[in-house]
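Position 36 (the sequence shown) corresponds to 36 in the UniProt record's numbering; numbering is contiguous.
It should be emphasised that the hints constitute simulated quantities derived from the structure, not laboratory data.
Here the structure is a predicted model, which means the values were calculated and not measured.
Just so you know, even glycine gets a beta-carbon here, dropped at the ideal spot from N, CA and C.
A portion of the hints provided could be inaccurate.
To be verified - Cβ-Cβ distance ranges computed for the label pairs, FRET-style:
| hint | residue 1 | residue 2 | range |
| --- | --- | --- | --- |
| 1 | L316 | S168 | 38 to 44 Å |
| 2 | N297 | E195 | 17 to 23 Å |
| 3 | N164 | A235 | 18 to 24 Å |
| 4 | K178 | K151 | 39 to 45 Å |
Stated by the list, open to error - Below, simulated DSSO-like cross-link-like pairs (lysine-lysine); rule was C-alpha separation at most 27 Å, straight line:
| hint | residue 1 | residue 2 |
| --- | --- | --- |
| 5 | K260 | K292 |
| 6 | K194 | K146 |
| 7 | K273 | K151 |
| 8 | K210 | K260 |
| 9 | K194 | K240 |
| 10 | K249 | K145 |
| 11 | K146 | K112 |
| 12 | K135 | K146 |
| 13 | K273 | K210 |
| 14 | K292 | K194 |
| 15 | K194 | K145 |
| 16 | K151 | K292 |
| 17 | K112 | K151 |
| 18 | K112 | K249 |
| 19 | K210 | K194 |
| 20 | K240 | K260 |
| 21 | K240 | K178 |
| 22 | K194 | K249 |
| 23 | K145 | K135 |
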Amino acid sequence: MQSRGSSNKLSSMIARTRISSLLLSMFATFASIYVAGRLWQDAQTRVRLIKELDRITGYGKSAISVDDTLKIIACREQRKKLLELEMQLAAAGQEGFKSKGSTDTDDKDPKKRPLVVIGILTRFGRKNNRDAIRKAWMGTGAALKKRENEKGIITRFVIGRSANRGDSLDQDIDSENKQTNDFFILDHHVEAPKEFPNKAKLFFAYAVDKWDAEYYAKVNDDVYVNIDSLGATLATHLDKPRVYIGCMKSGDVFSEPGHKWYEPDWWKFGDKKLYFRHASGEMYVISRAPAKFISINRSILRTYAHDDVSAGSWFLGLDVKYLNEGKFCCSSWSSGAICAGV
């Protein structure tokens, strides 16, 4: 015969067992519902993925691999991220934020880029030439800035540094530039006669990084330029994406070391010893795409003895339109001429 305490204890144990069984049953039910829901969701996702793959591949119903599933999921995630970024950019645009421009002008209209950047390649001890150019056609101060803003024509003297960095030659250039503010100084280029072709390459490479212009022109510091005629001529070629404009020539290759125009790599130009077609070095112009090509490949583009031959070699094999323009032949002034040597 059991006591009252034993009976109560047994009842309590039975009650706890029933509660535990009930909780276990509820947990199992919820787990089953969750697993079934996930399986249904995964099945639905799999169906959508298969349909997406079928639509892309056009092969009809087919099984989808794990790799394909992951690729499609990754694509969808990237699409979502792109949409979010586009929404953020649109919102930023409405708030007045604009991308940083690469021009050196005060014009805040991002759609308007300069027409041409003219680099006048000069050297130490040529201040008289520079002063003559400033007075004749380049302008100074407010006049120089006005032409940049109104006509989109940027003009700079291009020069490197002395082999003895910081000597009187460098100091004279820095002093002159402080007064005129019209130099484009190539700090990593050492001025030397044999380095002139490399200097032309660096001008195009660095200029396109600094100014996002339609064209880039190389001019010698003993050439006078008709700015109005240059602007009008270049404007007629804006519909051509890749152009190389100048007074085209070929010319003899000289293999004699003592000759003024000696070419150390003369043997590379064939048995007839003629250069390939290229623009005369007094002045030539290239559009933005070839200039960017030079900038990107500056470290591997080789140079020859002369800067005009070097420039011509960079465009061989490229889809660049050569424009033989008589107005760029700087031998003498003529009607509508763009340049003249002095």
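The hints, checked one at a time:
1. L316 with S168: 38 to 44 Å: holds (41 Å)
2. N297 with E195: 17 to 23 Å: Given a distance of about 18 Å, which is inside 17 to 23 Å, the answer is holds.
3. N164 with A235: 18 to 24 Å: With Cβ atoms ~44 Å apart, the hint is violated.
4. K178 with K151: 39 to 45 Å: Hint violated: Cβ distance 26 Å, outside 39 to 45 Å.
5. K260 with K292: Since the Cα atoms of K260 and K292 sit roughly 32 Å apart, the hinted pair is violated (cutoff 27 Å).
6. K194 with K146: violated (36 Å)
7. K273 with K151: violated (43 Å)
8. K210 with K260: Violated - the C-alpha atoms of K260 and K210 are around 35 Å apart, more than 27 Å.
9. K194 with K240: Not satisfied, since the Cα-Cα distance of roughly 34 Å exceeds 27 Å.
10. K249 with K145: violated (35 Å)
11. K146 with K112: holds (16 Å)
12. K135 with K146: Holds - the C-alpha atoms of K146 and K135 are around 15 Å apart, at most 27 Å.
13. K273 with K210: Distance of about 38 Å is beyond 27 Å: violated.
14. K292 with K194: Status holds; Cα separation ~24 Å.
15. K194 with K145: violated (33 Å)
16. K151 with K292: Satisfied, since the Cα-Cα distance of roughly 22 Å is no more than 27 Å.
17. K112 with K151: Satisfied, since the Cα-Cα distance of roughly 11 Å is no more than 27 Å.
18. K112 with K249: violated (34 Å)
19. K210 with K194: Measuring from Cα to Cα gives roughly 26 Å; hence the hint holds.
20. K240 with K260: Not satisfied, since the Cα-Cα distance of roughly 37 Å exceeds 27 Å.
21. K240 with K178: violated (38 Å)
22. K194 with K249: holds (22 Å)
23. K145 with K135: Holds, because 15 Å separates the two Cα atoms, which is no more than 27 Å.
The structure fails to meet hints 3, 4, 5, 6, 7, 8, 9, 10, 13, 15, 18, 20 and 21 from the earlier list, while all remaining hints are met.
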